[in-house]
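Visitor: Here are the chains, one letter per residue:
Number of protein chains: 2
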Amino acid sequence: MNIRLLIEYDGTDFHGWQRQPELPTIQQAIETAVTTLSGEKVTVHGAGRTDSGVHAKGQVANFHTTSQIIPEKWASALNAKLPPSIRILESRSESESFHSRNHATSKVYEYYLLNRKHASALNRRVLHYPRKLDWEEIRKVLPLFVGEKDFRAFQGPNASVRSTIRRVIRFDLIQDCTVEGLYHFTIEANGFLKQMVRAIIGTVLEIGEHKMTAEEIPTIILSRKRELAGRTAPANGLYLALVKYDER
Amino acid sequence: MNIRLLIEYDGTDFHGWQRQPELPTIQQAIETAVTTLSGEKVTVHGAGRTDSGVHAKGQVANFHTTSQIIPEKWASALNAKLPPSIRILESRSESESFHSRNHATSKVYEYYLLNRKHASALNRRVLHYPRKLDWEEIRKVLPLFVGEKDFRAFQGPNASVRSTIRRVIRFDLIQDCTVEGLYHFTIEANGFLKQMVRAIIGTVLEIGEHKMTAEEIPTIILSRKRELAGRTAPANGLYLALVKYDER
Numbered sequence: 073m074n075i076r077l078l079i080e081y082d083g084t085d086f087h088g089w090q091r092q093p094e095l096p097t098i099q100q101a102i103e104t105a106v107t108t109l110s111g112e113k114v115t116v117h118g119a120g121r122t123d124s125g126v127h128a129k130g131q132v133a134n135f136h137t138t139s140q141i142i143p144e145k146w147a148s149a150l151n152a153k154l155p156p157s158i159r160i161l162e163s164r165s166e167s168e169s170f171h172s173r174n175h176a177t178s179k180v181y182e183y184y185l186l187n188r189k190h191a192s193a194l195n196r197r198v199l200h201y202p203r204k205l206d207w208e209e210i211r212k213v214l215p216l217f218v219g220e221k222d223f224r225a226f227q228g229p230n231a232s233v234r235s236t237i238r239r240v241i242r243f244d245l246i247q248d249c250t251v252e253g254l255y256h257f258t259i260e261a262n263g264f265l266k267q268m269v270r271a272i273i274g275t276v277l278e279i280g281e282h283k284m285t286a287e288e289i290p291t292i293i294l295s296r297k298r299e300l301a302g303r304t305a306p307a308n309g310l311y312l313a314l315v316k317y318d319e320r
Numbered sequence: 073m074n075i076r077l078l079i080e081y082d083g084t085d086f087h088g089w090q091r092q093p094e095l096p097t098i099q100q101a102i103e104t105a106v107t108t109l110s111g112e113k114v115t116v117h118g119a120g121r122t123d124s125g126v127h128a129k130g131q132v133a134n135f136h137t138t139s140q141i142i143p144e145k146w147a148s149a150l151n152a153k154l155p156p157s158i159r160i161l162e163s164r165s166e167s168e169s170f171h172s173r174n175h176a177t178s179k180v181y182e183y184y185l186l187n188r189k190h191a192s193a194l195n196r197r198v199l200h201y202p203r204k205l206d207w208e209e210i211r212k213v214l215p216l217f218v219g220e221k222d223f224r225a226f227q228g229p230n231a232s233v234r235s236t237i238r239r240v241i242r243f244d245l246i247q248d249c250t251v252e253g254l255y256h257f258t259i260e261a262n263g264f265l266k267q268m269v270r271a272i273i274g275t276v277l278e279i280g281e282h283k284m285t286a287e288e289i290p291t292i293i294l295s296r297k298r299e300l301a302g303r304t305a306p307a308n309g310l311y312l313a314l315v316k317y318d319e320r
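Protein chains in written order, with the numbering used here: chain A, 73 to 320; chain R, 73 to 320.
Hints in this document: simulated from the structure, not taken from any laboratory.
Possibly wrong hints are sitting among the right ones.
Identical chains share a label here; the pair holds if one copy fits it or two copies do between them.
Dumping the calculated DSSO-like pairs for lysine-lysine here, alpha-carbon to alpha-carbon at most 27 Å [claimed, not checked]:
1. Lys-283 to Lys-266
2. Lys-145 to Lys-266
3. Lys-266 to Lys-189
4. Lys-204 to Lys-145
5. Lys-266 to Lys-212
6. Lys-297 to Lys-189
7. Lys-145 to Lys-212
8. Lys-189 to Lys-145
Chain A on its own, in the form it takes in the complex (with noise of 0.2 Å):
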């Protein structure tokens, strides 16, 4: 049987998806808990491989067992045995060739930002930026990262992939009006280099401040260079929340 779950976790306390010796993953969290259930030694294939202090809202991962637990109820079996900070939202069958990575057509990330001058007690899961921001400037600059482009200047050391070309489907941001300052950017892909997303919203930030202009974006594209792109921004405002799938 081929188990297919949908995933939420706070990235916070764990050193990224990736089994890891001696450090806590979300991978080898949830591989021990099917292991406690089945007796079974299964690798569990996360469709992102997300970073150390990443979350997500809907991440995809499957696994082959032979155990006799209902494909539904693994969601509940699991649960029981993770930290509340992980958390099975569904669990169901699909065929044997079905692969969380391989098969996914599309994911989409979301980076969270808190744009005011004191951090929020309640909301700790963004980047607090207390800096003045241009906005519009920002806004402008989101539709040159959308198509089919060479994004080697956005991928992150000791990557690798064959191809570092990716295709970005959409980059839009949104103002959360419930909570002063709250903004968050939706960014979906075919695929993602490493810290893509990172490096992106960190140039992007860079031109909120007039660091960087948008007339630069062009070039840093075809530069091939990470050095000509902004910094890298911080993990805890990172949220895998989407991945998609060619569902027949």
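Guided by the hints, dock chain R onto chain A, whose structure is given.
Guide: Then chain R, alone, in the frame of chain A:
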């Protein structure tokens, strides 16, 4: 100088607002921070004495000081001494006679509820309520609590107030469409009895489960008997949202 503070806090790790020997409370944390900054021993008066585990988006407090710290600078100065779960959003000087509790004309509380099968890893300061609720029935009952009434049947134990008459100004239900199953109630009154919001919410939830009917509400109110009303809903979903003053 009489300094007025606007305060946000995550009440999870505190035993409520009010100072208590040997227990961490919001009032004690802020008073200690004031003393660290000015060397004075002060009483910080809060507009609402929130219970253990209750949160605040907009608590108002005031304290008298002879310190030379500029009123507007108290917010940043206190934030530097306070834990991240308490943030001062604003500080300013008020007339010497201003008292955050005595002069409040009304207060607004919000109660958050996650009505779905699985809890959330990201929205944890809510009441997770997996059982089915009849939201139409709940909406119908809210107006029955609005108006000037004796709310004695919704007062927690060990309260010592002269009158149990309060005027509820509004009681609304809002569905948050960005998170599946997330709802919140907003209740405004000229004052609240001890645990009044939680007793009202607990009663409303029993109506949502058809354990009680809307027709019983007027009788329960007239009875003035706590045992006829519903359970006290947990503190974790409750927020002091706003304190209003007659600002002249």
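Visitor: Evaluate each hint against the coordinates.
Guide: Consistency of the hints with the structure:
1. With identical chains, the CA atoms of Lys-283 and Lys-266 are at most 27 Å apart within one copy only, with a shortest distance of 24 Å there and 53 Å across copies.
2. Within a single copy, Lys-145 and Lys-266 get their C-alpha atoms no closer than 34 Å, and across copies no closer than 41 Å, so neither meets the 27 Å cut-off.
3. Taking the closest pair of Cα atoms, Lys-266 and Lys-189 never come within 27 Å of each other, the shortest separation being 31 Å inside a single copy and 34 Å across copies.
4. In the homo-oligomer, the alpha carbons of Lys-204 and Lys-145 lie at most 27 Å apart only across protomers (19 Å), although the nearest pairing inside one protomer, at 49 Å, exceeds that limit.
5. In this assembly of identical chains, the alpha carbons of Lys-266 and Lys-212 lie at most 27 Å apart only when taken from the same copy (25 Å versus 51 Å across copies).
6. Taking CA atoms no more than 27 Å apart as the test, Lys-297 paired with Lys-189 passes in neither setting, with 33 Å inside one copy and 47 Å between copies.
7. Neither within a single protomer nor between protomers do Lys-145 and Lys-212 lie at most 27 Å apart by alpha-carbon distance, with minima of 47 Å and 35 Å respectively.
8. In this homomeric assembly, Lys-189 and Lys-145 come within 27 Å of each other (Cα to Cα) only across copies, at 12 Å, whereas the closest approach inside a single copy is 46 Å.
Checked against the numbered hints above, the structure breaks hints 2, 3, 6 and 7 and satisfies the rest.
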